[in-house]
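Chemist: Residue strings, one per chain:
4 protein chains.
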Amino acid sequence: MNSFGEHIKLTTFGESHGVALGGVIEGFPAGVEIDLNFIQSELDRRKPSHHKASTTRKESDRVEVLSGIFEGKTLGTPIAFIIRNENQQPDDYEYLREIFRPGHADFTYEKKYGHYDHRSGGRASARETASRVAAGAFAKTILQKKGVEITASIKQIGTAKTPEEIEHLIEQTKAEGDSLGGIIECVIKGCPAGVGEPVFGKLQAQLAEAMMSIPAAKGFEYGEGFASATMKGSEHNDVYILDEYGTDETSAPAGNVKPATNHNGGILGGISTGQDIIFRVAFKPIASISKPQQTVDKKGNPIELVNQGRHDVCCVPRVLPVVEAMTALVILDRSFFL
Amino acid sequence: MNSFGEHIKLTTFGESHGVALGGVIEGFPAGVEIDLNFIQSELDRRKPSHHKASTTRKESDRVEVLSGIFEGKTLGTPIAFIIRNENQQPDDYEYLREIFRPGHADFTYEKKYGHYDHRSGGRASARETASRVAAGAFAKTILQKKGVEITASIKQIGTAKTPEEIEHLIEQTKAEGDSLGGIIECVIKGCPAGVGEPVFGKLQAQLAEAMMSIPAAKGFEYGEGFASATMKGSEHNDVYILDEYGTDETSAPAGNVKPATNHNGGILGGISTGQDIIFRVAFKPIASISKPQQTVDKKGNPIELVNQGRHDVCCVPRVLPVVEAMTALVILDRSFFL
Amino acid sequence: MNSFGEHIKLTTFGESHGVALGGVIEGFPAGVEIDLNFIQSELDRRKPSHHKASTTRKESDRVEVLSGIFEGKTLGTPIAFIIRNENQQPDDYEYLREIFRPGHADFTYEKKYGHYDHRSGGRASARETASRVAAGAFAKTILQKKGVEITASIKQIGTAKTPEEIEHLIEQTKAEGDSLGGIIECVIKGCPAGVGEPVFGKLQAQLAEAMMSIPAAKGFEYGEGFASATMKGSEHNDVYILDEYGTDETSAPAGNVKPATNHNGGILGGISTGQDIIFRVAFKPIASISKPQQTVDKKGNPIELVNQGRHDVCCVPRVLPVVEAMTALVILDRSFFL
Amino acid sequence: MNSFGEHIKLTTFGESHGVALGGVIEGFPAGVEIDLNFIQSELDRRKPSHHKASTTRKESDRVEVLSGIFEGKTLGTPIAFIIRNENQQPDDYEYLREIFRPGHADFTYEKKYGHYDHRSGGRASARETASRVAAGAFAKTILQKKGVEITASIKQIGTAKTPEEIEHLIEQTKAEGDSLGGIIECVIKGCPAGVGEPVFGKLQAQLAEAMMSIPAAKGFEYGEGFASATMKGSEHNDVYILDEYGTDETSAPAGNVKPATNHNGGILGGISTGQDIIFRVAFKPIASISKPQQTVDKKGNPIELVNQGRHDVCCVPRVLPVVEAMTALVILDRSFFL
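Residue numbers (the numbering used here), protein chains in the order written: chain A, 1 to 338; chain B, 1001 to 1338; chain C, 2001 to 2338; chain D, 3001 to 3338.
One chain only, chain A, in its complex shape (with noise of 0.2 angstroms):
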């Protein structure tokens, strides 16, 4: 379960405080120039920043390519490529050797391997997620030369919605040591009709289990979503339209003929309609925070829990290039034969 994808596949290894992280693409095509200064740039849009979200943790995150490229282009073969750690201070995390820190993965996986790595995760760590940037920066490389643009925004931080907003919500909560969750929009333009299967590969499953693989994302909807649920058949149907103009390239074999309204968040029946498509993410607020727990450690002794690591208020800034890269393995996984 290191895999993900069928026809462009990614295989990530990798180890938060380990040697290196890494990942291997399997089916993507030759012959396609790759810019290692995007893939490089796509990483550091996941960096800690300057951002006031984030942590001042520093780290680097080089990425070397090891094969499948030659004279700058791809051969046909494996992708392989890795990005080395650096900065590994487990002796940051030595006061967590006896406790399951709320919210995170120590509990269930004392309970399923009997053991954890309490240096900050193992492979539960979000720095995993690097290796799917990476590789989706591999993934948009084609999509964007198929005129396919993946974009992922804010859509709310907290209850906040606006920049300013943001910005005032993250410093006080900051102040309070305590986090926020919030929730990504993601919109694919220019994805061509017919992406998708109709029965259990529909585009909506695949997209749903992709964004529910990030860590701390706890809900995933597209077009209407859950204020479909209170919409009725006449208002929510997309009816169609004559496209006098015929602008639209991607109604060509059907005609002219193409859907009014985009209730449906281009997708029917699991397959793209050839509009833009539209998808929510929510995340839950990061788990570790400053502010004192009261919890109890393994033996079940009552301790306060007061965390000592450098962390985000809030991982939705960060997360942005990881739903542009899921999507895009996504899309191009599926979009193979097209």
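Please note: incorrect hints may appear among the correct ones.
Unchecked claim - Here are the computed lysine to aspartate or glutamate pairs in the DMTMM-like style, where the Cα-Cα straight-line distance is at most 25 angstroms:
hint : chain 1 : residue 1 : chain 2 : residue 2
1    : C       : Lys2073   : A       : Glu197
2    : B       : Lys1009   : D       : Asp3333
3    : A       : Lys298    : B       : Asp1276
4    : D       : Lys3189   : C       : Glu2110
5    : C       : Lys2009   : B       : Glu1006
6    : B       : Lys1298   : A       : Glu235
7    : A       : Lys232    : B       : Glu1235
8    : B       : Lys1232   : A       : Asp297
9    : C       : Lys2009   : D       : Asp3333
10   : A       : Lys9      : D       : Glu3006
11   : B       : Lys1232   : A       : Glu164
12   : B       : Lys1073   : C       : Glu2094
13   : D       : Lys3155   : C       : Glu2235
14   : C       : Lys2299   : D       : Asp3276
15   : B       : Lys1161   : A       : Glu235
16   : C       : Lys2298   : D       : Glu3235
17   : B       : Lys1009   : A       : Glu197
18   : C       : Lys2298   : D       : Asp3243
19   : A       : Lys73     : D       : Glu3094
20   : A       : Lys189    : B       : Glu1110
21   : B       : Lys1298   : A       : Glu197
22   : D       : Lys3232   : C       : Asp2297
23   : D       : Lys3009   : C       : Glu2006
24   : C       : Lys2232   : D       : Glu3171
25   : D       : Lys3009   : B       : Asp1333
26   : D       : Lys3009   : B       : Glu1006
27   : B       : Lys1155   : A       : Glu235
28   : B       : Lys1291   : A       : Glu235
29   : A       : Lys298    : B       : Glu1235
30   : A       : Lys299    : B       : Asp1243
Note that these hints are calculated values from the structure, not bench results.
Please read all numbers here as calculations on a predicted model, not as lab measurements.
We have chain A already, so just place chains B, C and D on it with the hints.
Modeler: For chains B, C and D alone, coordinates are given in the frame of chain A:
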């Protein structure tokens, strides 16, 4: 993309207007006693019944098992079953030949395949879910013996939340020739801790994929779901307490320590905690309505579409066993080694 | 492990003494005209016939297609078919209940599963190959249209190589109550160059796996096979010549250059060359013989086993369509993108 | 098609003249002590050594493990390892740019991909098997603890069968500028009964696929193999005897009854019997020879090809660890649940 699951794999086949539907279940363990009456009774739950929200079409849906069972017990070999189709009246659908029905898969099928089955959807028809319900009943048989109970219930239909309100709203909407969406909540009781995988195989990702593969599903959330976006870490984190009475068997490997609350919906880091697993699925209103719709035919000529078939007002009541079946398949597949 | 193939996937089901055998073919393209008489005729080739090597058991083996075909053409949806079992006389096998039949899977099934099906093997029965022959006939339908012809023929039965020798040897062996093995050679004509993958998906690896999954197969070789072990590089290498007349369409992408000889059996580096693909499969003598065998029962008591059933003297004639079917499934699966 | 195995899955990457080769092993159990010296020593067995059949090229082949091991033990997470390439002299191969080397994959790569890597094969190079040997060493580590010993040995090189004959033949052939093929026999001792699956997952099918994926392999047989074709059932059947001394632990579930002989090579009905598993693999002579070959270049001009590189006379000695590694991967994968 007609298969679901890894260790316990279901492959479904059959068009809604063909000879038969059915499925093959691979990986099902040997020696399990099967009550065919239970399998049939689960299928019966999906039938258009006297429920006010349902069509008056008659479907007998008798399941026949072809292999994998001998003298009432499973052999460990593939279990194949079929449900023959009856009551095929393709002429009923003749008037739809030149129309993309709003909200249906006709438009995207035409885009993808260059043709579609105007006789009500082929594989896209919700009738395909009958095979899932039959397979889910086999999965439930094992899970029930292990003490795992899966219950899907109606959380709301349209804006109505109580039986009286729901009944009233359905009658009113039926009279209007319109349709309703709704939200289903599913609770899994007795699922042991340790089900699910850390990276791409997170339990919530598998459940989300399963739910979003059900026709008309528009959103998935677990635990606090979308509401978690506006919570703070100090509110959302489930701290740990000592389970003094040690009644909770599932907490054994970690002593008597257990989460005090369940904001996380029974899953942490992709792995079940041993608590109740709780998730919700949003469904859009049924696309087929008798209320006239102003749309265009395939050539772009404006028409007023009035559906002549008998249709459900809301899919939610009939989807309950489908949600339970897909959940059972996920949990059995993912707890295979426990 | 009841499935075979990646792009065109066959899943088989059914016990030799259950209700029915059958299969589901996924990934089969839409719009292919299917001649059900051809499917049936391929199945008939596997039936115990007047061939002197075969049993006198009667098996009608009528195939019924349940899905995936509409008005004589494939829909692109899963093709499910069944073959109902007849003539079930489990009492015929009652005397075998306490015995591991020499050369059969009884012993290993008991070791693996703690039980076995004394009614003639369950899934281990060669009867399972009927589903493969039916599926192979669908695959052949496409391949024939593309000009690919697959022909398996008897290379030798026992030590006999000509029809007269073979007929004589079979009669003699039948009189002795004994059985014979043999070698089948299969030639694929018209397979385009480029089929097969470089590393683990080599065409010879896929063919070897397919052939060694046929009951009683003991060896596989292609091209010069085992004989190549005693050849020198200068003898075995296929040098290249100019194909002056350019009649060989398959050599087009590399101009008119082609291998002068075919020691490599039509495959180089795991990929087809466009020449005839030639391989051979060795089969052991049938395990069920009427000649008395000195063995012990399950408790270790010495017994003289005399098989009472009607059995083939040699499986080779009936295996020919199975070899062709498995070959067709491999070639269609592997040439999917060509 | 760069992955092998189902429960224990190896994915390999790397071109023979790229930055590095390597692999990722998924599904490897946690808590296994790993001796990196043993992993390296297995790799060293594959290196061109003082063996007279081998090239004098220098390859240091140092393995570096990037993930999956912590404090000398496996974590249960993916094990990634790399072997950096050295000694890259692409100019050595410049004279081959316009030639399809006889017996190599150049011709089929050009047919399939429209190009090939004249720098000695890219992924087709036998150098890719270094990753398999490293992964096989991990698999052997577990199998050895379970008492499973896998030993591949030279059965013959050319027509020579004794060390003296072999040495003499190799020297003579080297002097002629020619090359030799051979046969390797592999014996698996201590494999428990019950490994393998009845239908498509037969143990012999998995072994055949694994062996035929090794470059230069031309044939596979197990037990009596091709010789069984000329045996009678009464000769080939392994009757059962009472194992009076009960020394054979593996026969436990069936009491003390065991096969008296092993014509079947340790596999019956696709499942291991608990006896030694014995199979043989035929390899063709190495394609690169220094003896002049009359062939044509890519344009059809007659040329005399004289290989300038340093090449092995026979691959068989260096292939022994590859055969063992692929066998170990199959047996570990297939005995995963035992």
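Chemist: Each hint needs a verdict: does it hold in this structure or not?
Modeler: Hint check results:
1. C/Lys2073 <-> A/Glu197: Answer holds: lysine 2073 of chain C to glutamate 197 of chain A is near 20 angstroms, not above 25 angstroms.
2. B/Lys1009 <-> D/Asp3333: The hint holds at about 19 angstroms.
3. A/Lys298 <-> B/Asp1276: holds (21 angstroms)
4. D/Lys3189 <-> C/Glu2110: holds (21 angstroms)
5. C/Lys2009 <-> B/Glu1006: holds (15 angstroms)
6. B/Lys1298 <-> A/Glu235: Satisfied, since the Cα-Cα distance of roughly 22 angstroms is no more than 25 angstroms.
7. A/Lys232 <-> B/Glu1235: violated (35 angstroms)
8. B/Lys1232 <-> A/Asp297: Roughly 23 angstroms separates the two Cα atoms, so the pair holds.
9. C/Lys2009 <-> D/Asp3333: Distance ~22 angstroms between lysine 2009 of chain C and aspartate 3333 of chain D Cα, so the pair holds.
10. A/Lys9 <-> D/Glu3006: Since the Cα atoms of lysine 9 of chain A and glutamate 3006 of chain D sit roughly 15 angstroms apart, the hinted pair holds (cutoff 25 angstroms).
11. B/Lys1232 <-> A/Glu164: holds (19 angstroms)
12. B/Lys1073 <-> C/Glu2094: holds (20 angstroms)
13. D/Lys3155 <-> C/Glu2235: Cα-Cα ~21 angstroms, so holds.
14. C/Lys2299 <-> D/Asp3276: holds (23 angstroms)
15. B/Lys1161 <-> A/Glu235: holds (20 angstroms)
16. C/Lys2298 <-> D/Glu3235: Holds, at about 22 angstroms.
17. B/Lys1009 <-> A/Glu197: With a Cα-Cα distance of about 18 angstroms, the restraint between lysine 1009 of chain B and glutamate 197 of chain A holds, given a limit of 25 angstroms.
18. C/Lys2298 <-> D/Asp3243: OK: lysine 2298 of chain C and aspartate 3243 of chain D at ~12 angstroms, within 25 angstroms.
19. A/Lys73 <-> D/Glu3094: Holds, at about 20 angstroms.
20. A/Lys189 <-> B/Glu1110: holds (21 angstroms)
21. B/Lys1298 <-> A/Glu197: holds (22 angstroms)
22. D/Lys3232 <-> C/Asp2297: holds (22 angstroms)
23. D/Lys3009 <-> C/Glu2006: Holds: lysine 3009 of chain D and glutamate 2006 of chain C sit about 17 angstroms apart, inside 25 angstroms.
24. C/Lys2232 <-> D/Glu3171: holds (13 angstroms)
25. D/Lys3009 <-> B/Asp1333: Distance of about 19 angstroms is within 25 angstroms: holds.
26. D/Lys3009 <-> B/Glu1006: holds (15 angstroms)
27. B/Lys1155 <-> A/Glu235: holds (21 angstroms)
28. B/Lys1291 <-> A/Glu235: Holds - the C-alpha atoms of glutamate 235 of chain A and lysine 1291 of chain B are around 11 angstroms apart, at most 25 angstroms.
29. A/Lys298 <-> B/Glu1235: holds (22 angstroms)
30. A/Lys299 <-> B/Asp1243: The given pair, whose Cα atoms are some 11 angstroms apart, holds under the 25 angstroms limit.
Hint compliance for this structure: hint 7 alone is broken.
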